[in-house]
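> Heads up: the protein sequence lines correspond to chains A and B, in order. If you count the first sequence from 1, position 314 lands on 309 in our numbering, and the numbers rise without skipping. If you count the second sequence from 1, position 199 lands on 194 in our numbering, and the numbers rise without skipping.
Only true hints are included.
Copies of the same chain are indistinguishable here, so a pair counts whether it falls within one copy or spans any two.
The calculated SDA-like cross-link candidates involving lysine to any residue, where the alpha carbons are at most 25 angstroms apart (straight line), are: (1) 200 with 219; (2) 285 with 184; (3) 200 with 187; (4) 285 with 189; (5) 285 with 188; (6) 200 with 189; (7) 200 with 190; (8) 285 with 311; (9) 285 with 180; (10) 285 with 176.
Calculated from the structure, these hints are not laboratory results.
2 protein chains.
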Amino acid sequence: MSEQDEVVALLGSVRSVAVTSHLAPDGDGLGSGLALVRALKSVGVAARFVSTDGVPRRYRFLPGADDVLRAAALVEPYDAVILIECPERHRPGLSDLDRYRLVNIDHHALNARYAAINWVDPRAAAVGEMIYDLLPALGVALDRDIAVNLYTAIVTDTGSFRYSNTTHRTFEIAAALLSAGCQPAAVATALYEDEPLARLELTRKALGSLVLDPSGRLAWIELDAADVAWSLAHDVDTEDLVNYPRSIAGVEVALFFKDRGHGPVKVSLRSRGRVDVAAFAARFGGGGHKQAAGCSITGKLDEVRDRVLAMLREELGATAGPGPA
Amino acid sequence: MSEQDEVVALLGSVRSVAVTSHLAPDGDGLGSGLALVRALKSVGVAARFVSTDGVPRRYRFLPGADDVLRAAALVEPYDAVILIECPERHRPGLSDLDRYRLVNIDHHALNARYAAINWVDPRAAAVGEMIYDLLPALGVALDRDIAVNLYTAIVTDTGSFRYSNTTHRTFEIAAALLSAGCQPAAVATALYEDEPLARLELTRKALGSLVLDPSGRLAWIELDAADVAWSLAHDVDTEDLVNYPRSIAGVEVALFFKDRGHGPVKVSLRSRGRVDVAAFAARFGGGGHKQAAGCSITGKLDEVRDRVLAMLREELGATAGPGPA
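Work out the full structure, taking the sequences as your base and the hints as a guide.
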């Protein structure tokens, strides 16, 4: 029995499920999860999305987002708990998960396979593609609300079809989601063109911190504790800022250092070359994909930055990539 | 006989053609034109892309870009000249076009239909979709080089599948182009992630000029003559900067004013609401699409900006859109 078939068999036998994703949930976690919740409800399963961090503002337009239960613990007696896009069981930040039958649906190659049923497909650009494939087996017809959720999952995890995970299948599914009533421009507007003015002010601050390494192969930006406090006060998210250093010609690893003023410094990494940033982040207890990962490192902003850059300079030297032009 | 059939019939009867597009050619003009040149060559037609402005750096990765003839006049005796994405005959900036049989292939609704054969399809997200449809009729098999050119045409004219012109057909074609060997991430990297450091410095300057109108419905940025001279010296293009004011929640019309230090001020307009910016730009001799247009206006930067904003405030009042929240 394939991993997907095991999921189908289980979902055909349950009466109630909780669906969850990782902390600070993203478009794939929320879109895939909300699509699955709606699909299960349509076939009579009582399904609820539970999120420790609730739904970030950027994703509140998703159909079903209003019904997400914000909670750090599960209390009801669900027949199963489905973890979406969680390479490890602790990622949702939910206590007492051990009391439930767990189903792990993910596309991270480095998945710990911690659940009773594990369906892991690293070829999928987004878990949204996997949920799309699940619908016929569940006997669920694609409708507009499911389509908008799955489209959002795919758009966010492919960077609007720009990342190397985008495949022929990705576009085939996108075409089908449009036929079901999803409007790409409406999703793009909600995701990317409904920004507070403060977001652009923050972008300007971040660009002011941009440094291109003399080698030309590393570039980074940073926000200090004051910038981060300001961004929180204005409810501005910062996750895409790392794309600015990433966009520079010749850059192989781009970084974004974020000092929250308390606790460790958050480091986002993007690779466009041979450096596996998931493996790099794992050295600090972080994770992600080969080309997009993150970790948190204890120390002052300057110290963390200098330490990480020194390690990456060494790693880039070791991989003997093309030098500066 | 449909307009498309007329084009097919003509192309089946010629031995030599020049293909051209508008001044400051974009991804659709160049990608569609280079795809057509390659397609025609493969069936024995001597075809050449001629561009008054040559090929901007951003598009030099396109297969066939090296063979583009940079010239402001046609000299050879072509059997026909094909104008791609030119709503008027003067757009290519080529002299002596009247000596040739002209073919007009465009997707602008406001096309002047100035040619012997006019194929205008405003439903096409990009002319690239029209050229894709033409290939089977020309007896041309899709190959990787054609696919990369057409994919670039579609990606640039849909804003990476974010604009409202993106359709089910757009994604179907994208899927087929991937099957022919186009790699979306390679195209995206060439288009958007191969920027000079100066581009980010210019973005920071432009963000420093950002103003959100008190109504919340207009936002704009501007570059003065010194900024523009700096951007030219660093070979940085500025066309996407208008997307920053466009990204602000509630903004209905976004503008970018560019003072080149000589001649008229260049104004780029983007609409996300009911204002038809192509019609607005036409009042100043400009043009474009309903949601993306441009024009050039004689005057000092301050005067031009204030005049255009006053007109737009009046127009927004007249359309009685939603006021500020």
